[in-house]
Amino acid sequence: MSKAGATQPTRHSVLTGIREYFLSLGLRQSQALTEHATHMHHEDVPHHVVTAPEAVINTVTRLPTPPIHSGSPDRLYPLFPPLNYGTVERKAIYRSSYPQVENFEFLKSLRLKTILTLVDVPVSPEYAKFIEENGIQHFRVHIQANKGAVKVQACQMAKAIRIVLDRSNHPLLIHCNKGKHRTGCVVGITRRIQGYDETQIWNEYHVYAEDKARILDENCMDQFDFNTVLWMARKYDWISPDAEV
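If you're matching positions, the sequence shown starts at 20 in my numbering and goes up one per residue.
Since the hints were derived computationally from the structure, they do not count as laboratory data. Here the structure is a predicted model, which means the values were calculated and not measured. One thing to keep in mind: the hints can contain errors.
[Claimed, not checked] Restraint-style ranges between C-beta atoms, simulated for each label pair:
id: 1; residue 1: Arg38; residue 2: Glu152; range: 31 to 41 Å
id: 2; residue 1: Gly45; residue 2: Thr247; range: 17 to 27 Å
id: 3; residue 1: Glu39; residue 2: Phe125; range: 13 to 23 Å
id: 4; residue 1: Asp256; residue 2: Leu44; range: 33 to 43 Å
id: 5; residue 1: Glu121; residue 2: Arg38; range: 39 to 49 Å
id: 6; residue 1: Ser128; residue 2: Leu42; range: 18 to 28 Å
id: 7; residue 1: Gln156; residue 2: Phe125; range: 38 to 48 Å
id: 8; residue 1: Ala173; residue 2: Ser259; range: 20 to 30 Å
id: 9; residue 1: Thr35; residue 2: Asp185; range: 37 to 47 Å
id: 10; residue 1: His157; residue 2: Glu108; range: 48 to 58 Å
id: 11; residue 1: Lys148; residue 2: Arg38; range: 11 to 21 Å
id: 12; residue 1: Gly45; residue 2: Pro97; range: 18 to 28 Å
id: 13; residue 1: Glu151; residue 2: Gly45; range: 38 to 48 Å
id: 14; residue 1: Thr106; residue 2: Glu39; range: 16 to 26 Å
Even for Gly, the Cβ is constructed at its ideal location relative to N, Cα and C.
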């Protein structure tokens, strides 16, 4: 509860604060994203910017793939998906956190043709063996995290999106470390190409990112230059030949 006589910020001041925050980072922002930031939690937005009484800050807590906790015999749970696993396009595109050894049998069931890794970390011998033994092509595109002064490089993001749009790479798994930020950006941009509206895209992002959602990730989705991948989207029928995104 605020102290008596204290001046509460208005919705206008909250919107102004968010706009100024974007400007301080040298970023453009849409009106829709600015409005969105007033009622959804983002870990990278300064707390004082979103403290207006009119701003209802929501945090999505539902996990897309609930963790399995059971005392039942292992034979009843033979397949374990990676954390933050989800289907983007049925039998075509999947997403997750970094796969562990206990996830390999589950990944086999997806009959993956391609894995797209978005982080620059050493590949474990076990993971390398799994990829080789199952004839999976492995693309590694290092996407920097949107955090602080570090921003996603447009050329790297475009490279990752082209791999996702190439239907000859499907079924494909996209993953980073936690399956939240880098993966969320790639999926969000893919959704925009598919014609999803902003609210659907941002809501999906929040389901996976939970209380770690970053407004900089959503700005990345919002400001991505589709001209860098438009020819690929047309070639593989993600959009009609004369469509614009």
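Now for the hints, and whether the structure bears them out:
{"no.": "1", "hint": "Arg38 / Glu152: 31 to 41 Å", "result": "52 Å, violated"}
{"no.": "2", "hint": "Gly45 / Thr247: 17 to 27 Å", "result": "20 Å, holds"}
{"no.": "3", "hint": "Glu39 / Phe125: 13 to 23 Å", "result": "46 Å, violated"}
{"no.": "4", "hint": "Asp256 / Leu44: 33 to 43 Å", "result": "36 Å, holds"}
{"no.": "5", "hint": "Glu121 / Arg38: 39 to 49 Å", "result": "46 Å, holds"}
{"no.": "6", "hint": "Ser128 / Leu42: 18 to 28 Å", "result": "48 Å, violated"}
{"no.": "7", "hint": "Gln156 / Phe125: 38 to 48 Å", "result": "19 Å, violated"}
{"no.": "8", "hint": "Ala173 / Ser259: 20 to 30 Å", "result": "25 Å, holds"}
{"no.": "9", "hint": "Thr35 / Asp185: 37 to 47 Å", "result": "43 Å, holds"}
{"no.": "10", "hint": "His157 / Glu108: 48 to 58 Å", "result": "20 Å, violated"}
{"no.": "11", "hint": "Lys148 / Arg38: 11 to 21 Å", "result": "50 Å, violated"}
{"no.": "12", "hint": "Gly45 / Pro97: 18 to 28 Å", "result": "50 Å, violated"}
{"no.": "13", "hint": "Glu151 / Gly45: 38 to 48 Å", "result": "43 Å, holds"}
{"no.": "14", "hint": "Thr106 / Glu39: 16 to 26 Å", "result": "39 Å, violated"}
Hints 1, 3, 6, 7, 10, 11, 12, 14 from the earlier list are contradicted by this structure; the remaining hints agree with it.
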